[in-house]
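Can you make the complete structure from the sequences, with help from the hints?
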Amino acid sequence: MRGKRVLIAGATGYLGQFLVQESKTQGYLVRALTRDPERLAHLDEYIDDLFVGEVTNPDSLIGICKDIDFVISAVGITRQKDGLTYMDVDYQGNRNLMDCAISSGVSKFVYVSVLNAHLMQDLKIILAKERFVRELEESSLDHTILRPTGFFSDMLEFLHMARKGKVSLFGTGDYKINPIHGQDLAEVCVAALERTENEIAVGGPETFTHRQIAELAFEVLHKKERISYMPLWLMRVIVRLMRLFTSSKTYGPAEFIMTALSMDGVAPAYGKEKLKDFYEANAETGSV
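To convert, count from 1 in the sequence shown and add 2; that's our numbering.
Bear in mind the hints are in silico, worked out from the structure with no lab data behind them.
A portion of the hints provided could be inaccurate.
Taking lysine to any residue pairs in the SDA-like style, the calculated list, with each CA pair at most 20 Å apart, reads [to be verified]:
| # | residue 1 | residue 2 |
| --- | --- | --- |
| 1 | K274 | G107 |
| 2 | K178 | S155 |
| 3 | K278 | T211 |
| 4 | K278 | S155 |
| 5 | K126 | D90 |
| 6 | K6 | K26 |
| 7 | K274 | L218 |
| 8 | K126 | Q94 |
| 9 | K178 | F258 |
| 10 | K168 | K274 |
| 11 | K68 | E56 |
| 12 | K68 | G107 |
| 13 | K178 | K225 |
| 14 | K168 | S264 |
| 15 | K26 | D50 |
| 16 | K6 | D71 |
| 17 | K225 | Q214 |
| 18 | K110 | E132 |
| 19 | K225 | R165 |
| 20 | K226 | M163 |
| 21 | K68 | Q123 |
| 22 | K110 | H145 |
| 23 | K110 | E199 |
| 24 | K166 | E221 |
| 25 | K110 | L143 |
| 26 | K166 | E217 |
Here it is, written out as structure tokens:
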């Protein structure tokens, strides 16, 4: 909407960079939150207002939502760093943003969580995300919770394994997922600013079994297929052992990936980006 202002939080992440560009493309004035301005230098043409602050430090967020109409938050950590926990960032960081939005009279708050969160409530990352979701739902803010299946960037793990010569899958490899490209998901997030749904589950245009994704990775790399299958009971044992003998900084990302890939992850299809094209673009380096 022309003239409306949107704050993008998590702007330096995989999805956040697409959110910045798509918001500007759809006619919004864009304020981007970052800890490090240099990481957004390549998006200067899309950003009207750069706000330097940290979601975990409320004092650094003073004024962040002044004159802002909408907030889109993709704030979250996939790998714990700087001594911060999921509860510090995925919950409290977003809670700090929500408090700023409420005090400044923001019209709507869009938050990106994950699909199937109700099936993964024992994971620390999900506990943090869903605690925030509950408080957002109970707040006075108009809101939409986005629940994507999985990012194309997450699917790079299959490509990395194939490059090393073998892809390991859980169960029989028949679990299904329709992952979504960051650009397609950004379109849904920005469109949600003017939609009425409080929750939107979304995936990409193509549905694959995990075995088919592995086969696609080998095909793109022109390598002979070598796929192994891990029984689900063994995966659960590994997760338990990781919880016992490693820190959450180590096991958190691994247990989330293993748990998410041990179930179907299919949501209503949206978008046009193809996984094969993404793989081909990243076949050499694996970069996003």
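Hint-by-hint comparison with the structure:
Between K274 and G107 the CA atoms are separated by roughly 35 Å; this puts the pair beyond 20 Å, and the hint is violated. For the hint pairing K178 with S155, the CA-to-CA distance comes to about 17 Å; that is within 20 Å, so the pair holds. Between K278 and T211, the direct Cα distance comes to roughly 14 Å. Compliance with the 20 Å bound is thereby established for this hinted pair. Restraint check for K278 and S155: the C-alpha separation of about 12 Å stays at or below 20 Å, so the hint holds.
A distance of roughly 11 Å separates the Cα atoms of K126 and D90; the hinted pair therefore holds under the 20 Å criterion. A distance of roughly 10 Å separates the Cα atoms of K6 and K26; the hinted pair therefore holds under the 20 Å criterion. Annotation: proposed proximity of K274 to L218 holds, straight-line Cα distance about 18 Å (limit 20 Å). With a C-alpha separation of about 13 Å, the suggested pair K126 and Q94 falls inside the 20 Å cut-off, and the hint holds.
Restraint check: the Cα-Cα separation between K178 and F258 comes to about 17 Å, which is no more than 20 Å; the hinted pair holds. As the CA atoms of K168 and K274 are separated by approximately 29 Å, the hinted pair breaks the 20 Å bound. At roughly 16 Å between alpha-carbon atoms, K68 and E56 fall within 20 Å of each other, so this suggested pair holds. Between K68 and G107, the direct Cα distance comes to roughly 9 Å. Compliance with the 20 Å bound is thereby established for this hinted pair.
In summary, the hint linking K178 to K225 is not supported, as the alpha carbons are separated by about 23 Å, beyond the 20 Å threshold. Restraint check for K168 and S264: the C-alpha separation of about 18 Å stays at or below 20 Å, so the hint holds. With a CA separation close to 9 Å, the supplied pair K26 and D50 stays within the 20 Å bound. Between K6 and D71, the direct Cα distance comes to roughly 6 Å. Compliance with the 20 Å bound is thereby established for this hinted pair.
With a C-alpha separation of about 15 Å, the suggested pairing of K225 with Q214 holds against the 20 Å cut-off. Distance restraint check for K110 and E132: the Cα-Cα separation of roughly 18 Å lies within the 20 Å cut-off, and the hinted pair is therefore satisfied. Between K225 and R165 the alpha-carbon distance is near 8 Å, which keeps this suggested pair within the 20 Å criterion. For a cut-off of 20 Å, the pair hint linking K226 to M163 stands: about 13 Å separates their Cα positions.
For the proposed pair K68 and Q123, the alpha carbon gap of about 35 Å is over 20 Å, so the pair is violated. For the hint linking K110 to H145, the alpha-carbon distance of about 5 Å falls within 20 Å, and the restraint holds. Under the criterion of a C-alpha separation no larger than 20 Å, the hint pairing K110 with E199 is consistent with the structure, at around 12 Å. At most 20 Å may separate the alpha-carbon atoms for a hinted pair to count; K166 and E221 meet this at roughly 14 Å.
With a C-alpha separation of about 6 Å, the suggested pair K110 and L143 falls inside the 20 Å cut-off, and the hint holds. Among the hinted pairs, K166 with E217 is consistent with the structure: their alpha-carbon atoms are about 14 Å apart, no more than 20 Å.
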